[in-house]
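Turn these sequences into a full structure, and let the hints steer you where they fit.
Heads up: the protein sequence lines correspond to chains W and G, in order.
Just so you know, the first sequence maps onto residues 1 to 421 in UniProt numbering.
Just so you know, the second sequence maps onto residues 1 to 421 in UniProt numbering.
A couple of the hints might just be wrong.
Any copy will do: because identical chains look the same in the list, a pair fits if it lies in one copy or spans two.
[To be verified] Keeping only pairs whose Cα atoms sit at most 30 Å apart, straight-line, the calculated DSS-like set for lysine-lysine is: (1) 299 x 343; (2) 97 x 300; (3) 183 x 95; (4) 97 x 14; (5) 97 x 343; (6) 230 x 299; (7) 212 x 343.
Because the hints were derived from the structure by calculation, they are not lab data.
Treat the numbers as computed from the prediction; the structure is a model and nothing was measured.
Protein chains: 2
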Amino acid sequence: MFALHGHIIYSESKDKLCIKENGYVICEDGISQGVYDTLPEQYKNITVKDYGDRLIIPGLVDLHVHAPQYSFRGLGMDMELLDWLNQYTFPEEAKYKELTYAEKAYKQFVEELRHSPTTRACIFATLHTEATYLLMDLLEEMGMKAYVGKVNMDRNCPDYLREDDVSEAIRETKEWVGNSIKKYKNVLPIITPRFIPSCSDLLMKGLSQLQKETGLPAQSHLSENPSEIKWVQELCPDSTCYGDAYDRRGLFGLYGKTVMAHCVYSTEEEIEKMKENGVYVAHCPQSNTNLSSGIAPAKKYLERDLKIGLGTDLAGGHSISMFRAMADAIQVSKLRWRLLNTKETPLTIEEAFFMGTKGGGEFFGKVGSFEKGYEFDAVVLDDTSLLHPQELTVRSRLERMIYLSDDRNIYAKYIAGCCIV
Amino acid sequence: MFALHGHIIYSESKDKLCIKENGYVICEDGISQGVYDTLPEQYKNITVKDYGDRLIIPGLVDLHVHAPQYSFRGLGMDMELLDWLNQYTFPEEAKYKELTYAEKAYKQFVEELRHSPTTRACIFATLHTEATYLLMDLLEEMGMKAYVGKVNMDRNCPDYLREDDVSEAIRETKEWVGNSIKKYKNVLPIITPRFIPSCSDLLMKGLSQLQKETGLPAQSHLSENPSEIKWVQELCPDSTCYGDAYDRRGLFGLYGKTVMAHCVYSTEEEIEKMKENGVYVAHCPQSNTNLSSGIAPAKKYLERDLKIGLGTDLAGGHSISMFRAMADAIQVSKLRWRLLNTKETPLTIEEAFFMGTKGGGEFFGKVGSFEKGYEFDAVVLDDTSLLHPQELTVRSRLERMIYLSDDRNIYAKYIAGCCIV
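Listed below in structure tokens is the structure:
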């Protein structure tokens with residue numbers, strides 16, 4: 001049991017940012033016991049870690065990131081989604097068949113993740129089971145709370161990156177799920193069909209069945225790019241929208257929590273279906289910009305009370321920073337407002353911070369806030385390197401972290417009560 | 001006379017990036033003598049600084065930045081231009097009347113600029129002459145080559161930040177110009193009417209006359225925001241477009257080089273006028289996003305052979321990095337292509353790098369390239385902190401610098417042949 005002392009900031013809702021200057025947040029058995037002006041009587045004798053004038057925020061939640069793509073972040077930004085997959089992504093992911101390469105690459109990814117403000121993540125690996133274990137080992141060791149998905153894909157992808165035999169793919173995925181649940185404490189498996197175009201109906205059926213049996217969460221991609229959406233319509237002529245194609249295959253929140261990355265072009269019907277089924281949106285503004293996909297209507301999703309968080313989507317996105325994802329979300333919402341729809345007002349700091357903490361955190365349970373009962377993920381920020389001549393409020397200091405911070409500003413990091421950095 | 005050895009990268013044109021791996025670039029009296037595979041016979045005995053596997057690029061050119069706004073970078077991003085000026089900018093700029101505050105703030109700005117990849121900049125100060133000298137002193141001492149403008153403004157601005165007496169304002173500006181030319185070697189004055197809405201016709205007339213007498217360059221803002229443009233139409237009913245309003249007041253390239261920031265909404269007539277008059281565009285993608293202004297058609301300007309460079313526009317923009325300006329330019333060009341006009345294809349790495357070096361550099365003369373005869377501005381980049389498991393080409397390494405670099409990657413910096421960092 002311990003308390004952290006500093007300027008404490010967290011979201012209660014998308015519109016309400018709570019700031020407790022010189023406050024205390026208490027952790028007992030990895031769970032927050034709330035935020036206080038002074039230490040309550042029953043906690044008088046607990047250890048207090050005094051972070052002084054620093055900011056203390058909940059850990060940030062990355063709802064969508066591809067670990068094997070970290071290697072080519074900031075490269076190959078000259079194509080749209082489908083060409084980008086064939087030209088850059090699939091050839092790189094194929095390399096993870098070799099464990100030596102996978103180990104080198106995943107160690108680099110996990111090391112940068114450690115020094116980022118992220119405390120929880122939904123991670124795509126590749127279809128290689130051995131390399132996926134390796135990634136899970138590294139994350140487990142680091143203390144990261146993560147859902148990691150061995151990717152499934154069996155069509156419309158190069159021979160060298162295709163699961164030829166569906167029953168064998170399902171068997172292997174099941175075995176990986178079973179072993180992972182036994183083996184890891186921090187890391188959990190997540191069912192991960194790449195996306196409709198690269199998954200046959202038979203494969204989807206098997207994965208849906210697996211979700212039904214295990215109750216595990218699932219992750220995939222939805223309505224990212226116009227050409228992709230058109231392709232899905234051709235592949236699934238029976239479906240009324242892309243989300244419906246997942247739904248008919250039993251992978252749209254039917255048997256467990258489900259998060260869909262992007263949702264740039266979700267129709268009214270798709271939005272309704274996501275809402276009914278409790279499907280989470282992983283809004284990935286940087287990736288949607290880099291791959292020329294467009295701008296997702298995040299404001300609309302928030303106003304419609306969809307479950308929504310943010311994702312870096314490496315390497316469609318180039319930055320691992322979830323602060324950058326918040327800033328990007330605000331920035332593209334302004335361009336959406338200006339260029340597309342003046343009824344959708346730009347996102348606020350409050351909304352972006354909510355999505356990056358409590359909004360995405362909900363996918364992991366009670367995560368992403370310091371309210372009593374929430375798992376204790378915390379990031380301590382030291383902003384002294386960002387010089388300024390004037391006085392700044394605590395809220396302004398948070399705003400600067402969103403726009404200007406990098407790994408140097410991450411002073412300490414706690415995940416479920418454990419100090420990681 | 002000396003040579004730098006490393007992987008040398010520079011633009012010849014907007015479409016042509018030249019890469020000389022393990023090459024030499026030679027500096028004589030501050031001027032590049034060209035790039036070579038091996039040292040030519042006549043240079044056999046000169047000093048060679050060997051930067052090994054590092055990248056060597058021309059210094060980057062920031063065509064538009066407000067020094068006094070550095071203090072609130074990353075803050076107050078919730079308004080459009082005109083409200084943002086009144087709410088955040090003018091109150092902050094007013095503080096520079098106090099030299100103690102100005103010194104503290106400008107030292108911070110100049111220190112960050114030193115460690116950035118920028119070697120040349122067009123800088124707005126405030127209307128305060130004493131503080132402007134102070135900024136110029138600091139830049140001069142650092143070795144930065146910069147145009148610095150004491151801002152002129154006499155209407156539609158708060159009392160506390162208005163030049164009440166036009167003749168006195170012109171007299172003071174003239175005196176400042178004369179003193180500056182005598183006093184500084186690296187830093188030059190630039191004529192700086194804030195923008196049409198805050199400058200009376202009389203003030204503009206005086207400044208135009210001053211440009212005529214001195215041949216100095218001028219800088220201002222153009223067609224940034226729809227409300228601003230509408231306001232200019234109301235203020236200048238005789239003008240056919242915003243650019244024409246400057247032109248009729250003799251400040252649109254008539255008497256000297258002129259750079260206009262933004263040009264988000266320039267009409268066909270305005271574009272033609274810029275081309276005829278040789279007016280430079282300072283494309284500021286980050287600021288145009290943060291202030292919800294829109295996306296400037298940079299690709300079109302390049303194709304029409306307008307003179308164009310990039311600007312950070314602190315604190316409409318929040319990052320001082322010109323690499324970030326390149327990445328932002330590419331990113332918003334993709335959104336412009338997707339959302340507005342599929343005929344304007346996204347900017348390439350070549351085009352963004354050109355704008356950030358040789359394109360903007362032209363405003364300073366033969367600047368922004370390593371071709372023979374160019375002033376020797378160079379930045380040496382160490383990218384070893386950005387881990388990767390695979391082999392990377394030199395071009396890919398440059399691409400990563402554009403998307404991922406920060407001040408830690410700036411290994412050395414030369415301005416006009418002098419080593420600054």
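For each hint, the structure was consulted:
1. 299 x 343: both (10 Å within a copy, 29 Å between copies)
2. 97 x 300: Neither: 41 Å inside a chain and 44 Å across chains, both beyond 30 Å.
3. 183 x 95: within (25 Å within a copy, 60 Å between copies)
4. 97 x 14: neither (42 Å within a copy, 40 Å between copies)
5. 97 x 343: neither (48 Å within a copy, 41 Å between copies)
6. 230 x 299: both (25 Å within a copy, 28 Å between copies)
7. 212 x 343: neither (40 Å within a copy, 47 Å between copies)
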